[in-house]
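Novice: Assemble the whole structure, with the sequences as input and the hints as a guide.
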Amino acid sequence: MVSIQDLHKKFGKNQVLSGLNLDISEGGIFAVLGPNGSGKTTLIKCLLGMVLPNKGNISVLGENVKNSSSYRHKIDYLPQIANFPSNLKVKELIKMIKDLRGNTTIDQDLISLFKLEPFLDKKLGNLSGGTKQKVNLVLTFMFDSPLIILDEPTSGLDPISLIRLKDLIQKEKTKGKTILITSHIMSFVEEVSDEIVFLLEGKIYFKGSITELKNKTNQPDFEHAIASILTDNHA
Amino acid sequence: MLKILKYSFYDLMRSRWSYVYFAFYLLLGVVLLFLNNDLSKAVITLMNVIIVLVPLIGTIFGVMYYYNSKEFTELLLAQPLKRSSIFLGQYLGVAISLSMSLILGLGIPFIFYGLFKSTAIWDFSLLLITGTFLTFIFTALAFNIALSNENKIKGFGYAILLWLFLAIIYDGIFLMTLIMFEDYPLDKLSLIGTMLNPIDLSRTLILLKLDISALLGYTGAVFKQFFGTNFGLIVSISMLMVWVIMPVFRIVFKAKKKDF
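Protein sequences appear in the order of chains A and B. Per the numbering used here, residue 1 is the first one in the first sequence, and the count goes up by one each step. Per the numbering used here, residue 1001 is the first one in the second sequence, and the count goes up by one each step.
I should point out that these hints are in silico values taken from the structure, not numbers from a laboratory. Here the structure is a predicted model, which is why all the values come from computation and not from measurement. Any given hint might turn out to be false.
Derived pair list, reagent style BS3-like, types lysine-lysine, alpha-carbon separation capped at 30 Å [unchecked claim]:
#1 Lys1003/B - Lys1258/B
#2 Lys1254/B - Lys13/A
#3 Lys1082/B - Lys55/A
#4 Lys95/A - Lys1224/B
#5 Lys10/A - Lys1257/B
#6 Lys1082/B - Lys74/A
#7 Lys1152/B - Lys89/A
#8 Lys55/A - Lys1256/B
#9 Lys1070/B - Lys115/A
#10 Lys123/A - Lys1082/B
#11 Lys66/A - Lys1258/B
#12 Lys98/A - Lys173/A
#13 Lys122/A - Lys1152/B
#14 Lys13/A - Lys1256/B
#15 Lys177/A - Lys1152/B
#16 Lys1154/B - Lys98/A
#17 Lys10/A - Lys1070/B
#18 Lys13/A - Lys1152/B
#19 Lys1041/B - Lys66/A
#20 Lys1003/B - Lys1209/B
#21 Lys95/A - Lys1258/B
#22 Lys123/A - Lys1070/B
#23 Lys1082/B - Lys10/A
#24 Lys89/A - Lys1209/B
Specialist: Right, here's the structure in full:
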């Protein structure tokens, strides 16, 4: 599905990714974890072609990322901070993204799932952070692509929407899709993810299931297992 | 690219500033034409306003639009779109909507004045063409500056400096050089000097067409002598085109190499 070899990225003097190798097989939910500044977002942006790596190769579904933009038809991406043009209405934004990417009818189901009907005629600048995130989720999930990338999907969501999001993610997984998630909410990660990819200092420190991680660190629960990696490496 | 262009254009057409800009030119056109009945004087006054104001507005709008739509650009970058089409679409959206404000704002009062019956129609059209060129040039330069500077304040600063330099300081330096080296033949230097500044070039172009030798100044006179009126017009218009094309190429080049 996704294959990354020897990925290097530097921003000025700041070496963010240094020789990262990662293979993600098809189907399942993968959580990309790591402390702040470990390169999670950079890794995702490299996958999307928004950040250009200094060295290394990335291929998504067999297509090299460098060569074209059309592979992005197969990726749904939820950005971390959703800032939309403030004088557009929600309805217009959805219509516009459809116009740019191709038609779909799933958006209606998603709008009713997240109860966004009353906001369709409101301008994006007047929406609360949580509502914006819901719009963001609609835009992401409406295209039914085989690879879904979610950068901090839970931010700003109320408990009900969070439950709906978890259901949605599980539903997409049963369709055989590959889902990449980054999050700092450990309980969310533990609940949804099949496999963990732990980034540390620009490299993969650990890749495997949560049980394997617990065994490796000799910790009874997931949150402490993550914490022990961080203290062992930073204290 | 056309889709991005369409959305940028609509986005700007809806913003208050396009109307303010349009209303300003409308007012200027009405005042100049109906309160002062001399058409050629009106055209000269308009030229002086256009040559300073159009680059300023183009620069500010270009930089502002780029920084304001940054997050949205990131959303577009994650879609299956080419980088060059995203940025060219946005650039053309800004440049075309600004040119529309200029052309409609000045055109409407002139049509009511009876432009189509007047002999000044070519002078006036040339004025609008130059204004449009200047809009495209300075919006492209502004996009270049914004693409190269992550920091908004720096970007704005450089953009204003660029405008100040080309609109005012350049002339001063140019004049000083001409005075300092007055003992030498300066025809070639002044020709090159004029071509290297799109604002000077536009001024020379309009004055050549109006054929007012008193206002041409030294560089204009050299220009006229060297190229003649008609060839001079062609040379200066092609130079203005080069001034559009070069920064646009750099937008495409820069956008391809940038991290977002």
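Novice: Next step is simple, just say for each hint if it's right about the structure.
Specialist: These are the hints, each one checked on the structure:
1. As the CA atoms of Lys1003/B and Lys1258/B are separated by approximately 22 Å, the hinted pair is consistent with the 30 Å bound.
2. A hinted pair counts as satisfied when its Cα atoms are at most 30 Å apart, and Lys1254/B with Lys13/A qualifies at roughly 21 Å.
3. Restraint check: the Cα-Cα separation between Lys1082/B and Lys55/A comes to about 22 Å, which is no more than 30 Å; the hinted pair holds.
4. With a CA separation close to 54 Å, the supplied pair Lys95/A and Lys1224/B exceeds the 30 Å bound.
5. As the CA atoms of Lys10/A and Lys1257/B are separated by approximately 14 Å, the hinted pair is consistent with the 30 Å bound.
6. Our distance criterion of 30 Å between C-alpha atoms is met by Lys1082/B and Lys74/A, whose separation comes to about 15 Å.
7. Between Lys1152/B and Lys89/A the CA atoms are separated by roughly 26 Å; this keeps the pair inside 30 Å, and the hint holds.
8. A C-alpha spacing of about 16 Å is found between Lys55/A and Lys1256/B, which places the hinted pair at or below 30 Å, so the restraint holds.
9. Proposed proximity of Lys1070/B and Lys115/A is supported: the alpha carbons are some 29 Å apart, at most 30 Å.
10. Our distance criterion of 30 Å between C-alpha atoms is met by Lys123/A and Lys1082/B, whose separation comes to about 28 Å.
11. Simply put, Lys66/A and Lys1258/B have alpha-carbon atoms about 13 Å apart, close enough for the 30 Å limit, and the pair holds.
12. Distance restraint check for Lys98/A and Lys173/A: the Cα-Cα separation of roughly 23 Å lies within the 30 Å cut-off, and the hinted pair is therefore satisfied.
13. Between Lys122/A and Lys1152/B the alpha-carbon distance is near 29 Å, which keeps this suggested pair within the 30 Å criterion.
14. About 21 Å separates the Cα atoms of Lys13/A and Lys1256/B, which keeps this hinted pair within 30 Å; it holds.
15. Proposed proximity of Lys177/A and Lys1152/B is contradicted: the alpha carbons are some 40 Å apart, above 30 Å.
16. In summary, the hint linking Lys1154/B to Lys98/A is not supported, as the alpha carbons are separated by about 36 Å, beyond the 30 Å threshold.
17. In summary, the hint linking Lys10/A to Lys1070/B is supported, as the alpha carbons are separated by about 22 Å, within the 30 Å threshold.
18. A C-alpha spacing of about 22 Å is found between Lys13/A and Lys1152/B, which places the hinted pair at or below 30 Å, so the restraint holds.
19. For the proposed pair Lys1041/B and Lys66/A, the alpha carbon gap of about 57 Å is over 30 Å, so the pair is violated.
20. The hinted pair formed by Lys1003/B and Lys1209/B fails the criterion: a straight-line CA distance of about 38 Å is larger than 30 Å.
21. For the hint pairing Lys95/A with Lys1258/B, the CA-to-CA distance comes to about 28 Å; that is within 30 Å, so the pair holds.
22. Taking the CA atoms of Lys123/A and Lys1070/B, the gap is about 18 Å. The hint holds against a cut of 30 Å.
23. Taking the CA atoms of Lys1082/B and Lys10/A, the gap is about 24 Å. The hint holds against a cut of 30 Å.
24. Distance restraint check for Lys89/A and Lys1209/B: the Cα-Cα separation of roughly 47 Å exceeds the 30 Å cut-off, and the hinted pair is therefore not satisfied.
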